[in-house]
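Chains V and B supply the protein sequences, listed in that same order. Position 74, counted from 1, in the first sequence is what the numbering used here calls 74; the numbers after and before it change by one each time, with no gaps. Position 200, counted from 1, in the second sequence is what the numbering used here calls 200; the numbers after and before it change by one each time, with no gaps.
Treat the hints as calculated values from the structure; they're not laboratory data. Heads up, some of the hints might be wrong.
Facing chain B, a subset of chain V residues (Cβ under 7 Å, in silico) [as the list claims (entries may be wrong)]: (1) Ser-17; (2) Arg-106; (3) Phe-108; (4) Leu-111; (5) Val-124; (6) Glu-125; (7) Gln-148; (8) Phe-150.
It should be emphasised that the depicted structure is a prediction, and the values quoted were computed from it without experimental measurement. Virtual Cβ for every residue (Gly too), placed ideally from N, Cα, C.
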Amino acid sequence: MTDLPVGVKRRQFDGVSRLATRGAPVYGEPTDGEWRVWDAGRSKLGATVEAGLDTGLVGGDRVLYLGAASGTTVSHVADFAGPTYAVEFAPRPARDLVEVAERRPRLFPLLKDARRPETYAHIVESDLDAVIQDVATRDQAEVALRNQRFLARDGRLILAIKARSEDVTAAPGDVFEDVLDSLREGYEVLETVRLDPTHDSHLAVVARPR
Amino acid sequence: MTDGAARFGWFESVPPDGLEGARDVIENESTELPKDWPTRAVESDFAADESDYYDKLHDATTAAMRAAAREAGRADDQQLTHSVRAIDDAERVANEVAERAVEWGESLFEDLPAGLTGARAMADREPTSSAEERAISLARRAAGLADEADALRAHVERTAPSVAPNLAEMAGPVLAARLIALAGGLESLAKKPSGTVQVIGAEDALFAHLAGRAPSPKHGVIYTHEAVRGTRLEDRGSAARALAGKLSIAARVDHYAGDLRPSIHEDLRDRVVSIRARADDEAAGESAEGGE
Chain V
1 MTDLPVGVKR RQFDGVSRLA TRGAPVYGEP TDGEWRVWDA GRSKLGATVE
51 AGLDTGLVGG DRVLYLGAAS GTTVSHVADF AGPTYAVEFA PRPARDLVEV
101 AERRPRLFPL LKDARRPETY AHIVESDLDA VIQDVATRDQ AEVALRNQRF
151 LARDGRLILA IKARSEDVTA APGDVFEDVL DSLREGYEVL ETVRLDPTHD
201 SHLAVVARPR
Chain B
1 MTDGAARFGW FESVPPDGLE GARDVIENES TELPKDWPTR AVESDFAADE
51 SDYYDKLHDA TTAAMRAAAR EAGRADDQQL THSVRAIDDA ERVANEVAER
101 AVEWGESLFE DLPAGLTGAR AMADREPTSS AEERAISLAR RAAGLADEAD
151 ALRAHVERTA PSVAPNLAEM AGPVLAARLI ALAGGLESLA KKPSGTVQVI
201 GAEDALFAHL AGRAPSPKHG VIYTHEAVRG TRLEDRGSAA RALAGKLSIA
251 ARVDHYAGDL RPSIHEDLRD RVVSIRARAD DEAAGESAEG GE
């Protein structure tokens, strides 16, 4: 099992060992003092860390998070990472995301389309340690390739591929292969793991720029 | 975007103590490649140090997103419901008043085209008697109300996509608004089974059917959708059922998630194509039989 990033700990909640970070509660998750549960069932990144993948995150990292939605996962990232840019396209979840960002001074929310990085490259800095991607669109590999411009040479892409966003009819295994193939145009895939059953038909991927 | 803008970070056109202008820059500027913005901001005296830069970035980005989210919140389903009902009222009353004005006008002037066209023709006249004055004034009200209906329609077309992006994309903004209004809100539309969505707006026919007096209605207001109207009569029930199914998925995505999902729109297109292919298959079958 790889080391958890600094700022992420396993703690006992009701007798069960669960991931936790320190920060203001966001979605009614159990807390213990200043620690709050990072629910792997609600967060694909949480499940990825739980599965023991080496994400390359060490704590204090500079992060671009694509597909922040209402900020459930990105709130935990901002708890242990450094400057964190959170991109979300839909105005509705953005309301919740603002609330999350309000209480985290190094979380920067952006209402942008992750497929168009040129619309936020004047805000998001270069040479980031990690791009975390959880977007429910087709062409998830294309999104990752376009956002490679933000990554440092030794940075990490941490990606949750959602098979059903690419093609609902194809077998998830085939979809994952297709996405990984496209991803290899710009990335070296380091590790993958299926997130079933906590997240059906999702594949977690860690990659670095080639 | 100019070459100049392509080299600069967001802070370069925002004064350090006036973050009010930052929203426009954050939302509308663009540049091809990211740079080490924190260092540049300190070098250009926008910020005292990196920490100060991040504080300013935090203030600017949260303020911009809060403003954008608030705007999206104002365009809620209740507003859409009022707007689409207002369209219907304005159109109905415009037509009624136009009819009355034209009927009156024909007794005062030469023959006029029926309805709103006639009312608009009257509205351009100069009255020469007190009766003409009243009749022409009435015609002008009708024309004004019809203009208001057009403006309301344009308003719905502009706001529906931010309230219900998938529904507006699939049904068109006005039909989307009408479905939301008839269902009593986006949430209740999202909770209706697709069989109900299929006959929304056909309640009279539905209850006549339930009372045993009529066949079941094939469709309600979704009749106006091209997927139904553009399909031949025998297959319209199938088309309406397929459309209603996808519309209720769209309503659920809009209510519970709010992002645009291209896949459901492609699914509907595929489905409609395969339903319409039945007509071609039958035509092919008949010509094959004829050849025997």
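To see whether the hints hold, each was checked on the structure:
Because the closest C-beta pair between Ser-17 (chain V) and chain B is about 32 Å apart, greater than 7 Å, the hint is violated. Interface hint status for Arg-106 (chain V): upheld, as the beta-carbon distance to the closest one in chain B is roughly 6 Å, under 7 Å. Given hint, Phe-108 (chain V) at the interface with chain B, holds; its Cβ is 4 Å from that chain's nearest Cβ, closer than 7 Å. Evaluation of the Leu-111 (chain V) hint against chain B yields a held restraint, the C-beta minimum of about 5 Å falling below 7 Å.
Annotation: Val-124 (chain V) was flagged as interfacial toward chain B, and the flag holds, the nearest CB pair being 5 Å apart, inside 7 Å. For Glu-125 (chain V), the interface hint holds, the least distance from its beta-carbon to any beta-carbon of chain B being 5 Å, beneath 7 Å. Because the closest C-beta pair between Gln-148 (chain V) and chain B is about 11 Å apart, greater than 7 Å, the hint is violated. With its C-beta approaching chain B no nearer than about 5 Å, Phe-150 (chain V) sits inside the 7 Å limit, and its interface hint holds.
In summary, the numbered hints that this structure violates are 1 and 7.
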